[in-house]
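Asker: The chain contents come next:
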Amino acid sequence: MTTTTRTNLSPAALEARRGRPDRLSSVKRRDALTGYAFTAPTIIGFLIFVLGPLIAAIYLSLTKYNILTAPKFVGFDNYARMFRDERLATTYGNTVLYVGAAVVLINGFALLFAVLINQKLPKAMTYFFRSAYFFPYLVALVYVSIIWQALFQKDTGILNYYIAGLGGERIDWLNSSEFSKVSVVIVDTWRNLGFAMLIYVAALQEVPKEMVEAARVDGANEWQVFRRIVLPMISQATFFNITITIIGAFQIYESVIVLTRGGPGDASRSVVMYIAEVAFNKFDMGYASAIAVTLFIIIMLVTLAQFRLRKSWVNNE
Amino acid sequence: MRKTLRTTLATVAASALFLLTACGGPETSTPAADGPYTAPAKDVTATISVSNWGDPGDKAVYDEVAARFKEKYPNVTVNNNFTPITTWTDYVNKLVTQAAAGQAPDVINIATEGVQLGLKNELFASLDGFLKNDPDAKSLQNDIDPKLLDGFRKDGSTYLMPNTFNTMVIYYNTKMFKEAGIQRPSDDWTWDDFLAIAKKLTTGSGANKVYGFALPYYTFGITPWLYSNGTSMMSDDLQASKLTDPKLKETVAWVRDLVTKHGVSPQPKGSDPYQLFPAGKAAMTGAGHFVTGGFKKAGFSDYDILPWPKSTTKATVYGAGAFAISKTSKNPGLSWEFIKMLTDQQTQKKWADAGAAVPSTKTAASAPEFLASPEHAKEFYNSLSYAKPVAAPGAYNVLDPAFMRAMDEIMSGQSVDSSLDKANKDVEEALKQ
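Those sequence lines, one after another, are chains A and B.
Just so we're aligned, residue 21 is where the first sequence starts under the working numbering, counting upward by one.
Just so we're aligned, residue 3 is where the second sequence starts under the working numbering, counting upward by one.
Everything labelled a hint here was simulated from the structure, so no lab data went into it.
Hints are supplied without guarantee of correctness; some may be wrong.
As the list claims (entries may be wrong) - Computed from the model, here is a short list of chain B residues facing chain A with C-beta under 8 Å:
1) Lys271
2) Gly272
3) Asn399
4) Arg407
5) Ala408
6) Ser414
7) Gln416
Said to hold, decoys possible - List of simulated lysine-lysine pairs, PhoX-like, C-alpha gap at most 25 Å:
8) Lys174(A) - Lys201(B)
9) Lys427(B) - Lys84(A)
10) Lys122(B) - Lys84(A)
11) Lys380(B) - Lys177(B)
12) Lys72(B) - Lys342(B)
13) Lys201(A) - Lys271(B)
14) Lys174(A) - Lys271(B)
15) Lys352(B) - Lys74(B)
16) Lys122(B) - Lys92(A)
17) Lys134(B) - Lys364(B)
18) Lys180(B) - Lys211(B)
19) Lys263(B) - Lys174(A)
20) Lys229(A) - Lys143(A)
21) Lys271(B) - Lys202(B)
22) Lys390(B) - Lys364(B)
23) Lys211(B) - Lys174(A)
24) Lys427(B) - Lys92(A)
25) Lys122(B) - Lys134(B)
26) Lys140(B) - Lys342(B)
27) Lys283(B) - Lys298(B)
28) Lys244(B) - Lys390(B)
29) Lys84(A) - Lys434(B)
30) Lys390(B) - Lys149(B)
31) Lys201(B) - Lys263(B)
32) Lys434(B) - Lys92(A)
33) Lys263(B) - Lys202(B)
34) Lys244(B) - Lys122(B)
35) Lys149(B) - Lys316(B)
36) Lys134(B) - Lys342(B)
37) Lys174(A) - Lys283(B)
38) Lys44(B) - Lys72(B)
Note that the structure is a prediction, hence the values are computed from the model and not measured.
Here a beta-carbon is modelled for each residue, glycine too, at the ideal position from N, C-alpha and C.
Hey, can you work out the whole structure from these sequences and the hints?
Answerer: This is the structure:
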């Protein structure tokens, strides 16, 4: 029977059994196609929404383009123009300040809250605090900004009410060139620390208890345990958080626009806001693209540098 | 703040409309300059599209016109594209989408602030043929102050028909004046008179604080101070920025001092003069006619108006709304008929009733209903005689935010010189483009 069956096999099947490459590759090809089909949405999305615009922006940055007439090639004029643009210098300065503040404050507070939440607390309390700190991240900033603006009001705001009550001077949170930046940093920190905190909490729970116990037995105090054991053990989470906050802070937009609209003047304006203004108010797409390209390069360099430095302080797998 | 939105929208609309023309195709049908005008036949079948913006009150007026037009031309479909005031981005996106679909509007509603943008880019069709040969147009035109039409001319041709305008005047609370024993000042009052009155009317503190003057804090509202001190943001031909003019700096410093030195005005950020004034929290404010509708609705009527005080020159600012026919319109005749209806006496009266602006014809502006309140309502139309148009070059979309950024800085205590120098650079860069 078996031999009959075997001889009765179609030539194609026989070829397949003999391992003829074209047959096998057709199976493989189908597998591959299925694979591509599954990844296609992401790849197509990336091509259309990321790579395409990126290439377009690089091209447009070399042109003068006002949307209405065809782009005109101008070489590196737009890039040269950046060096005499005081407003760009101001907005970049503000952005760097926001990045610095975000890295320090968001990560500092997030870690602090994560450690506090990670203490032995009743389960319900843990959930409550975790949700409470994460909540700002879920609420649309546009709505919350109305409340923040009320809190920040010079004459009627609750912040100044307490400051004045303690004998301090009323601060013009939103309309002074110094404090408008501070207000933005406060709201930005308040909004983003919940997310970073969650990452830290997850990492803290992964720290092996035996190791901590062992250190304690060896006579390490709480600070030493935290400094020598916990911090190195969660360094991957720290790395992730710092990278994300830096990228996020370079692109800060919403927190500023809803609070101060960049004002007074340009005092709290971020680079991304300035790009949007040049592109969609002045219709100077070429120049806007050039600024966007520089921002892209800066973020890329900073991120690359971080990955380079990673080895020196991140406790690896 | 209504005017601010209006002007921003106007600017943006004009900017977006270049795109429309760019996509509009080669067909241009300019009306004949000679020969008698014949209106399109009553049974003509066509579609015209209109681009309008405003608030619900404006929309009611436009809808009414569209309905009336339908009676006259039953087979003409009017696509009444009305954009409620939300954000300017929305308005642009809407126009861009329209353009992409090949539906550039035939009739374009735009304000003084956007007219130069449109003219520079040859967006509008000349109305000369209609104005010359259509008898209806002649009577309408003769009823409109020539000044209003002058703003819409280029090289001797007229491109837009105004429907309404606003001039800035001073509003004062008659009751508060009476209680303080202050007489209505003369029509030739000066900045000093103004400041003295404002100081006298600034009283109380904390929750009971009442200010002498609530500052209208937007370009159109600050401009009368500039004009009445003999300066402007732009040169008369709108070709050069004058933001660094010493006279302008002097004026801006004086306006700032109202808030920071004399304390007769509240910090403009976060306070709306058109809330403070009817609430009795400010004895005076500056505004166009556009606030009267809101005052009426709020049941506030203890006010009257005065000309803007002068420093060196008696002057104020005006801005007009107007309609143009798109150069790419396939139905200029019907568009013209529609514009006539948008600007005729019947519609003008509706505008006056809505309290959104001053109607552009003398007839409508001198109707008893229009003059009923406030007492010196005549000044609304009269102020046009000494008013200058808002300085709106093609780059108004850069000038307006740059000037207000400088004002914000100055109000927050930064130097007048450096703030205006920065704004000036921004504007000069844009004028070069």
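Asker: Give a verdict on every hint.
Answerer: Checked hints:
no.	hint	verdict
1	Lys271	holds (5 Å)
2	Gly272	holds (7 Å)
3	Asn399	holds (6 Å)
4	Arg407	holds (5 Å)
5	Ala408	holds (7 Å)
6	Ser414	holds (4 Å)
7	Gln416	holds (7 Å)
8	Lys174(A) - Lys201(B)	holds (23 Å)
9	Lys427(B) - Lys84(A)	holds (19 Å)
10	Lys122(B) - Lys84(A)	holds (18 Å)
11	Lys380(B) - Lys177(B)	holds (20 Å)
12	Lys72(B) - Lys342(B)	holds (14 Å)
13	Lys201(A) - Lys271(B)	holds (16 Å)
14	Lys174(A) - Lys271(B)	holds (10 Å)
15	Lys352(B) - Lys74(B)	holds (19 Å)
16	Lys122(B) - Lys92(A)	holds (19 Å)
17	Lys134(B) - Lys364(B)	holds (21 Å)
18	Lys180(B) - Lys211(B)	holds (19 Å)
19	Lys263(B) - Lys174(A)	holds (18 Å)
20	Lys229(A) - Lys143(A)	holds (19 Å)
21	Lys271(B) - Lys202(B)	holds (23 Å)
22	Lys390(B) - Lys364(B)	holds (18 Å)
23	Lys211(B) - Lys174(A)	holds (15 Å)
24	Lys427(B) - Lys92(A)	holds (24 Å)
25	Lys122(B) - Lys134(B)	holds (24 Å)
26	Lys140(B) - Lys342(B)	holds (11 Å)
27	Lys283(B) - Lys298(B)	holds (17 Å)
28	Lys244(B) - Lys390(B)	holds (16 Å)
29	Lys84(A) - Lys434(B)	holds (13 Å)
30	Lys390(B) - Lys149(B)	holds (9 Å)
31	Lys201(B) - Lys263(B)	holds (11 Å)
32	Lys434(B) - Lys92(A)	holds (16 Å)
33	Lys263(B) - Lys202(B)	holds (15 Å)
34	Lys244(B) - Lys122(B)	holds (21 Å)
35	Lys149(B) - Lys316(B)	holds (17 Å)
36	Lys134(B) - Lys342(B)	holds (14 Å)
37	Lys174(A) - Lys283(B)	holds (18 Å)
38	Lys44(B) - Lys72(B)	holds (10 Å)
Consistency note: the structure conflicts with none of the earlier hints.
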